[in-house]
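A.B. asks: When you get a sec, could you build the whole thing from the sequences and use the hints?
Chains X and A, in that order, give the protein sequences.
Going by my numbering, 119 is the number at position 88 of the first sequence; the sequence numbering is gapless.
Going by my numbering, 266 is the number at position 239 of the second sequence; the sequence numbering is gapless.
Hints should not be assumed to be uniformly reliable.
To be verified - Keeping only pairs whose Cα atoms sit at most 30 Å apart, straight-line, the calculated DSS-like set for lysine-lysine is:
#1 X:Lys116 <-> A:Lys177
#2 A:Lys243 <-> X:Lys57
#3 X:Lys116 <-> A:Lys217
#4 X:Lys95 <-> A:Lys243
#5 X:Lys116 <-> A:Lys243
#6 A:Lys177 <-> X:Lys101
#7 X:Lys92 <-> X:Lys57
#8 X:Lys101 <-> A:Lys128
#9 A:Lys128 <-> A:Lys71
#10 A:Lys128 <-> X:Lys95
#11 X:Lys101 <-> X:Lys57
#12 X:Lys73 <-> A:Lys177
#13 X:Lys57 <-> X:Lys68
#14 A:Lys128 <-> X:Lys99
#15 A:Lys80 <-> X:Lys101
#16 X:Lys68 <-> A:Lys235
#17 A:Lys177 <-> X:Lys92
#18 X:Lys101 <-> A:Lys217
#19 X:Lys99 <-> X:Lys73
#20 A:Lys217 <-> X:Lys92
#21 A:Lys217 <-> X:Lys57
#22 X:Lys95 <-> A:Lys235
#23 A:Lys71 <-> A:Lys217
#24 A:Lys180 <-> X:Lys101
#25 X:Lys68 <-> A:Lys128
#26 A:Lys217 <-> A:Lys80
Said to hold, decoys possible - Output of the computed footprint for chain A on chain X, the stretches with three or more beta carbons under 8 Å from beta carbons of chain A:
#27 52-63
#28 72-81
FYI, nobody ran anything at the bench for these hints, they're computed from the structure.
Glycine included, every Cβ here is placed at the ideal spot set by N, Cα and C.
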Amino acid sequence: MEQKDNTNNENEKHLTEVDCDEVIRKLNMILDGEVAKEEENKLLHHIDDCNNCLEQYHIEKSFKELLKSKLQNLNVSVSLIQTIKNRISGK
Amino acid sequence: MKQKKTLDMKENTTEESLTHADTEQTENPDAFLEQVLKPITLTKEEIDIIFEKEMLPHINALYTFAFRLTNNEDDANDLVQETYLKAYRFFGSYEQGTNAKAWLYRILKNSFINNYRKQSKEPNKIDYEEAETIFHSEKNNYNPIDSRDKVFKGLLGDEVSNALMALPLDFKTVIMLCDIEGFTYEEIAKIVDTPIGTVRSRLHRGRKMLKEMLAKYAASLGYDISEEHENSTQDENSETN
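C.D. replies: Here you go:
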């Protein structure tokens with residue numbers, strides 16, 4: 032783990048249980064729901080108070096939403112479904 | 028247990044002089060299907076009902092996954108059919124009450140590898156360590172491209188889909204499983220048969236590649252707002268000393 036970057040955090044001492052590097056590294060995990068509740072609260076608390084992390088958070092969030100909304104499922108052909116059903120019922 | 032299985036396989040296959048790079052694929056990917064959990068006490072009719080209720084409803088999602096893996100409708104149809112026939116045949120290895128969809132995806136992914144990896148040696152495969160190195164080296168250089176959402180707003184579904192399909196197999200697979208299907212990392216790790224850490228780094232790397240491709244594509248279409256591009260993250264971090 033790298034040394035905390037102290038350049039611009041006079042006013043964020045109260046929230047530096049986690050640092051920006053860690054938050055940025057875990058952004059995707061937060062959005063994917065892969066961080067335990069307690070840790071997630073710490074990270075989100077930092078994000079709320081840190082403009083840079085907040086911006087990155089929104090970028091990642093909207094990208095994830097973009098993929099989900101643009102990549103719709105296709106429809107399989109009815110004949111494939113029928114073929115599968117026929118084959119498993121031994122017809 | 029899995030470990031042991033791999034070792035056994037290796038002992039059995041030494042004569043075939045496998046190269047080291049191939050060992051990951053030497054284990055029969057369908058081995059998990061042969062582990063019958065408990066004797067099936069269901070009648071054929073009961074199995075058919077479960078199959079129809081729990082397995083078949085996922086067919087569109089599976090077909091979409093297959094199509095994006097193969098980029099070919101016929102191959103996707105074959106893959107989906109093979110998946111369902113295997114699922115039916117090896118129904119005893121499905122633990123009822125667990126995630127049927129994840130189980131089907133695992134069968135499909137393995138069938139795909141069986142059928143297609145032999146043909147092409149998958150030139151784009153990036154190994155775990157390489158991806159990890161990239162993953163860690165990126166933390167101070169996060170997001171160098173302009174990927175704010177307004178850049179992508181105008182893209183069509185097909186354009187996003189084409190970009191996704193152009194990604195190397197390992198990366199597009201985890202993106203589809205996570206971002207489209209919403210599987211957990213643990214489920215994805217099982218489906219693609221890698222450690223969770225690998226899933227995480229592939230997701231990170233894959234999304235970054237996809238974002239870059241889409242940003243370039245959007246720019247080429249005239250959604251370019253790169254003049255405003257700012258490098259704030261990098262500037263702030265580089266002043267540490």
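A.B. asks: Tell me the hint numbers this structure goes against, listed in increasing order.
C.D. replies: 1, 5, 28
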